[in-house]
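Enquirer: Residue numbers (the numbering used here), protein chains in the order written: chain A, 1 to 340; chain B, 1001 to 1178.
Since the hints were derived computationally from the structure, they do not count as laboratory data. It is possible that part of the hints are untrue.
Mimicking DMTMM-like on lysine to aspartate or glutamate, the simulated pairs with C-alpha atoms at most 25 Å apart in a straight line are [what the hints assert, rightly or not]:
#1 B:1087 - A:29
#2 B:1160 - A:7
#3 B:1160 - B:1129
#4 B:1087 - B:1049
#5 B:1087 - A:281
#6 A:162 - A:131
#7 B:1087 - A:31
To give a feel for the contact side, a few chain A residues facing chain B, derived at Cβ under 10 Å [what the hints assert, rightly or not]:
#8 10
#9 14
#10 18
#11 25
#12 34
#13 210
Even glycine gets a Cβ: it sits at the ideal position worked out from N, Cα and C.
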Amino acid sequence: VSNDERDPIDAVLASEGERWRSAQATPPDPDLARLGAASGGPSRWTPVAAVAAVLAVIAAIGVPAALNRGRAANPGSSASTTPARPGPGTPVEGHGVLYRERGGPIRLCAGLVSTADGAMSGTGCIAPEVETTGVDPALLTTRAGSGADFSASVRVEGTHHKGVLAVTRVEPFQGDPGRVNSPLPCPAPAEGWKPGFGHQPLTGQDDAITQANEFVLANPDRFSGLWLTHPVIIPVGPGEPSKQAVVVGTTGDVDQVRDELLFYNGNLCVFKVRYSKADLDRLADQLRAVTEIPLTVDVDEVSDKVRVRTVVLDPAAMAVLDRFDPGALLVEEPLLRWLD
Amino acid sequence: VTVTAGEPGVASPGGTAPDDPVAFGDWVRPHLRTLANIVARLAPLADRDDVVQDVLARAWVKRRLFDPSRGTPAAWLYAIAADQAGKARRRGARRGLEPAAAAVPAAVPVEAPRDSRLDVERALVRLTDRQRLAVECHYFVGLSIAETAAVMGCAEGTVKSTLADARNRLRPMLEVRS
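Bound conformation, chain B alone:
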């Protein structure tokens, strides 16, 4: 089968990323929700949907670099999403914004009921960048250990140990006793 770049309706051979925009759209569509969740967690002040489209555009430009023998399309797309979200977050940081802290209400009224969501969000700010990345990807985005490892560019064992360290650091802040 001869595949011509840009030819409509041509399926991707051997699991490579399609060269046709419509087919490419179909190829990435099953992963859209997870991509959006990655962006929302890693760049909370950015325009989620805009960054997701940036991710897709980036993946489209780099589509011929995708090697199915080195990982799944999902893991490849998630890594691009994490990279683009990081860039969006750093652009916010250069503008003097505090993504992690600003995503949490600045002040909670005294009479407000205790909110476990706020407790967790505030506690996450205290993690190291790597610990937070692991927690965000694994617990909030819902990635598997293997997918989190692909995003973080490390071994699965490293992800497990990073998550264990993060949980230990969160324990006193979340007032949960083992």
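If we strip away everything but chain A, and leave its shape as in the complex, we get:
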């Protein structure tokens, strides 16, 4: 692939690249109907931006809100206070989505990437998951583009032993869809939040947000991150009134950052955070190096912490998590919780 044949790194990369390409599935044919739908050109921007905004908010706020509800029901959810009662026969419960990839076992996943209309993206489980037994395959009613089958959100009960959940009960999970007021870390401006996805006119705002995001990403030692939120209510469609805000966390001077982001003239919230993205990335890397227990680790810029999830919070998991700075950890509800 490269002109520099003498470099062994060149050979390694070329070999890995060739191996990777040969493992890729054939993409589907062009969707001519979608081309037709895109003929209007810029008019398609609005719903795309709206869906993207909804996705961002549901993921950034709706999911943590749901998890916070779980904490309210079971306040001892931090690593240092959760009463661990592990045992092969101890009943457990869990919330999530049941899914099965081609030929594989049915698994319970705590979080799947889904679009605003509930369709699965086909990228698989991005959160703790556990293999199950005893689940009726008829519950997997949705077929994703990847060929995997999914259920709706469910609550399950069963027993967890040696990494397998023996399911004894499955019921629909009636969760709050996440249409909640967002925890915007800034007071409303005196004139109130501006209406619209960012600010009218819409044209150009997506580029300004992208530019702001790239600026933040380029300075990980100064910022925790940038995200979109809605201070009033999360819209479910482009036609629903909304007031979107761009939120930026910084370890530096708030006023200086506001000046640096003046090119974005929509709702802007800049606030002080304790940890920068670089700080959180370092901690996340240390957590990803853990091999004793299964962990899902990602940097959560909204809470300015590293989000950690595992299958069960047993003594082994708690011992591992106690090694890290508790102030920078967001230990979420595990996939499985002990039933009283």
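Since the structure of chain A is already known, use the hints to place chain B on it.
Expert: Positioned in the frame of chain A, the structure of chain B alone reads:
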């Protein structure tokens, strides 16, 4: 020859992008696999096939901006794919996901055999964004230096030097000695 937008079966004159959806589909079909690979590498957590269709829709909307005197259809489509993949990745970043790191298993069992694929994937996370883009396009997607330059919006010489820098940065992480 008079070309009417949307007229079925009309060939594109002078190498411009066809105005008919069916002909446009035929025009992009030879590049589909590479477009999919670009998306898969640059937005690993996104739905590859969905983003590819976004790329095609974007290219369709912008088809009259394609100028064959400035580059090949492939290079034009690859640049659009890289742009759309970047947007998909940033949408993931806004949701708090870590595309590069999340694409790699969070923890590898102690007894697991050493996997060179994981070594390379983990090492790529340590590159700068530009270095990684160059490596992804050239080595993994399989683009030529010229095509990589089109995607990156820079000169071929810049791509070569960026790749050289990337290889030097990867060398200690991949434990390969010159």
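Enquirer: Run every hint past the structure and note whether it holds.
Expert: We went through each hint and held it up to the structure:
| no. | hint | in the structure |
| --- | --- | --- |
| 1 | B:1087 - A:29 | holds (22 Å) |
| 2 | B:1160 - A:7 | holds (13 Å) |
| 3 | B:1160 - B:1129 | holds (15 Å) |
| 4 | B:1087 - B:1049 | holds (15 Å) |
| 5 | B:1087 - A:281 | holds (21 Å) |
| 6 | A:162 - A:131 | holds (10 Å) |
| 7 | B:1087 - A:31 | holds (20 Å) |
| 8 | 10 | holds (6 Å) |
| 9 | 14 | holds (6 Å) |
| 10 | 18 | holds (8 Å) |
| 11 | 25 | holds (8 Å) |
| 12 | 34 | holds (5 Å) |
| 13 | 210 | holds (7 Å) |
In this structure, none of the earlier numbered hints is contradicted; all agree with it.
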